[in-house]
Amino acid sequence: MAQPQPVEDIQLIQSSQKGDTQAFGKLYERYAPRVFRYLYAHLDNRLDAEDLTEDVFLRVWKSLGSYQEQGVPFLAFLFRVARNALIDHYRRSSKNQADTSIEDMQLREPGTGPVEAVTALLEHQQLRTMLTELREDYRTVLVLRFLSELSPEETAHAMGRSAGAVRVLQHRALAALRSMMESGPGEV
Amino acid sequence: MSFDDVLAVCLDALDGGQGVAELLARYPEHAQELEPLLESAVWFGGQAAVVAPRPGFVKASRARLVEKIAAPPAATGIWSQLFAGLGSGWRMALQAAVVLVMLACLVVGSSGIAYASQNALPGDALYPVKLGLEHVELWLTLDPQAELRLHLQFSQLRITEMQKLLALGRYDDLGIATANYQYHVSQALRLLEMLVAQYPALAQSLTLEVVSALNAQADTLAVLASIAPEEAQAELEAAEQAARDGVQQANEIGQAPATPLPTDVTGGEAEPEASLTPTLPPTATVASFAMPSATPTPTLTLTPTPTQTATQTRTPTPSRTPQQSATATLRPNITQTARPSGTAAPTSTRTSQPTPTRTDQPTHTATVPPTPTRTIQPTPTATLPPVTPTATNIPPTSTIPPSPTRTPKPTLTRAPTDIPEPSPYPGPGPGPYPLLFRSIH
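Sequences listed follow chains X and Y, in order.
Taking my numbering, I'd label the letters of the first sequence as residues 1 to 188.
Taking my numbering, I'd label the letters of the second sequence as residues 1 to 441.
In case anyone wonders, no lab produced these hints; they're calculated from the structure.
Hints are not guaranteed to be accurate.
Just a few of them, taken from the derived set where beta-carbon distance is under 10 Å, the chain Y residues facing chain X [what the hints assert, rightly or not]:
| no. | residue |
| --- | --- |
| 1 | Val42 |
| 2 | Gln153 |
| 3 | Asp219 |
Since we're looking at a predicted model, the values are computed, not measured.
Ideal Cβ positions, reconstructed from N, Cα and C, are used throughout, including at glycine.
With the rest of the complex left out, here is chain Y (with noise of 0.2 Å):
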């Protein structure tokens, strides 16, 4: 038997669950060839976790692609969808019209002048290329859905162009930036609403994409604004605001098909209505959304707790703007965006609200979702540095036993210090990969 057959014995063996040093001494004429390889194989294979898919996708995509596909068969490619229908009127014009588009932005898209607007900023001649070559990709995409996506990927990219103009200090075309980045979220928001409204399937799915997407901007906006200076402060908080309205609005799309069925069935009285309406506002359903798949069921059940001491920390969301003078450009970032891992837990709360607010009175949808992600918001932001404020947060919080089990959330605001350091593995230090042997050892 070549080491090659051994080899490849001895990894099938590994799949089999059997260890290497088993292996080792079931080959020890082998064993010091053999150990370096299978150790390298055990660490590689473990680097499946880092590849997995996010919880929850291949179900969601499931649905997607059977829908896609028990859809009749029509359109499948842009060129197909382009002369499927030639021949009918004013829709063969259009489709000509769609062709020279095509062809002109095939000449233009190869093209320097394209080439080099990818870079440009608001106010720079070759920004309304950029625009026109990303309206032109708009128009081409005939699928809703993906279209959809283009408008979260132009407005992340005018955050982009946004944290630029930042730095070169040209505060005057921040304005360009902002318009163009409300836009794109009022596009966003339209497609949602059509999407959700032709495909209830995908509702909650492409509203979590949608408010996920918009979180994670407002909170970068955020970050902008507490590091911009005044000047440019109104723009880059009117974008803000624009992406945490779109949050609010994507929720209440995503909400919107299943408030059909109560008030039909009950029979069509005031009062239903007054209770779904409780539901939406609170921003505890935005953060639902938020954090599904970032952590895991157990910290759900602790959220509600904070529930109680919301309002009384919910205003040191102000201590964004202490921090402006102090922390430099990082920092805040991480800060910042500590905000949705708050919002995680919500993510049962949100799957069970329709079915209290239906039969219940609103009360008790008030209690069940209010805004969580808040209270761990200060924390974060308030008192990097010391573990104390966690102290001072729990106190309140004290008359619920798992408050304890809480603590450990403030090991997430001090990863901005350490992102640096990549991670804690324990493991040989030497070597440019420090998180190789995490596995092996």
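The shape of chain X in the complex, shown without the other chains (with noise of 0.2 Å):
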């Protein structure tokens, strides 16, 4: 089922790409929260979730007045632009990864409490491990359908897939999902 592109956001595009800086605020109060959840779904660092999201929508606007919406969705071509900058943020900062340490929590996790933090910090870790252990196309989708809430059709734009591939690997992702689930990780 395609989603038609909501009429609200097509004038906020269009706005948007006239230059209207308050358009392109009201978009990103809308999607922003998709995309960070995406982001960090992908990061170990909060912060750098926050960083990147505002980049990705910097990118965003920058690169506005190529976007054309017949075809590709805005959160398609949104999420796009995401990946690649999930990417350059891999490429960037593989080299400075650092452990975890009790005293980068409340950082990592700013203005919460030391044990809001830690719940938080561990509810995350599990995550990441669990998503970590699977294929790289699974995860995606899964993010993408699940926690930023993309449709089959979005997620199938932003993978640059067709949508009957992206049911089926929504279909293995979580059987592979579920099976570690139960066996743990590595069995997949």
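Two chains, two separate frames, one set of hints: put the complex together.
Next comes the structure, spelled out in structure tokens:
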């Protein structure tokens, strides 16, 4: 089922393309949480995810002129940019990966108390551990579909695959996830 | 219809609010195969909360983003900035020098020395290389906001180094780390002041960022000081003091832009100034920034109650020292950091502060922000295991009804002991992911 682009989105995109920063701000407010979830599911550090979210939208702003809504939904366009930004980030920071110490936790989970920070980090680390055990395309399809709430069509566009392929992929990814939940990492 | 299609339809239906049982009943022939997949999908969808942005992030970053894109598109990347102004005298020379340094950094950065220096500690031969690279990074960072964050990041690195030095018993080298820590804190404050002056709209978010980072660092340093031997105490306490002073200064900087307005409006008597000063000193303001996202508003309304008791319980802060001998490495970490969580409450007080201060007498402001943070600290630190301390805390507050609701807080203090066991979510124990089935069942 292809989801039509919301009318309001189209107007916001068109205004943004004409340089209306406030319209782009509205788009940001609408979609930043989804982009953030996508990025944070792939990163260990919340602050990195925050910086990268802003970076993604800056990139989108710069390339908005070349975006045409026919064919590619805005969300798919947005997540393609997010994916590229993530790849660039990996390249940049692969050598700077540091291990987590308890002292870092509050810095990484800014604005939280120590207990909340620790719990949030444990949950996040568990999710990250599991995702890294999955194949890259499984991970991407799961994150896009269930964390960033993209439709199968938007996911297909964002991943550069057909909707049919995404349907098969999500089936396999869910099966892999299930078997990992039952048997533990390293089995998939 | 293939199974993939059925699954896709079911997943759409789940999005639409239908339950797993309902869908299994609709496709009984696929029920067995569908059930585990749909359960996994439901569980995984529930993980969205784990990777959700912190409250307030989107709004704050939206403002930043809009400001960035509204600014003239002049300097986008380092290279374009470097070459943008080529051709004009000293600036050209400076830019050429920057290019040379960057090239040098590329060479050095890719070498083993630079890599090895990343693990160097104060007193090591390679430590100056590490600091040098940090300076280069700072120098090449043209965006003041990014530079500020770098200073915070480096200050955090210094604390990690102090911790390692402590573990190695190299107390004599602590001084180097402390001095450098103080430098980064002061630089971060300098940049904060500059940014707040230039972009008043960013004042709150930037101040919050600096304050929460420094608060966390101060707490960590306090914990380190509490477990460190005497000969290491002085340096750690100096660093902690720098962090605490930094928090206060950052709060003052963050509040600064609001001050000019009332003086102009009132007609410029000495009085309004007097009313402003009282608001700044209390430590409560510090707390107000530290906590906002952590605890929701309900807690905020409760905090004022402890205010009266605050002064009494405040003194127990020394309870840190008793712990020194008793507790091992991990415990204090958590007990100490419990501080900020108490601080959370004031968030609301912070926003409300400015208005009363200007119009009313200073007395008002004094009552609003007082240091509830401190009241909470003692409870965790002093008596970790027993719940009884809470009981002793409540009687003083007995005049005010909400105090019973406050009692849950002690659960926070217990957390340290709980930390190794991830969290008490119900669900099947087997398997390596105890949290997994939380949302399925």
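So, going through the hints one by one against the coordinates:
no. : hint   : in the structure
1   : Val42  : holds, 9 Å
2   : Gln153 : holds, 8 Å
3   : Asp219 : holds, 8 Å
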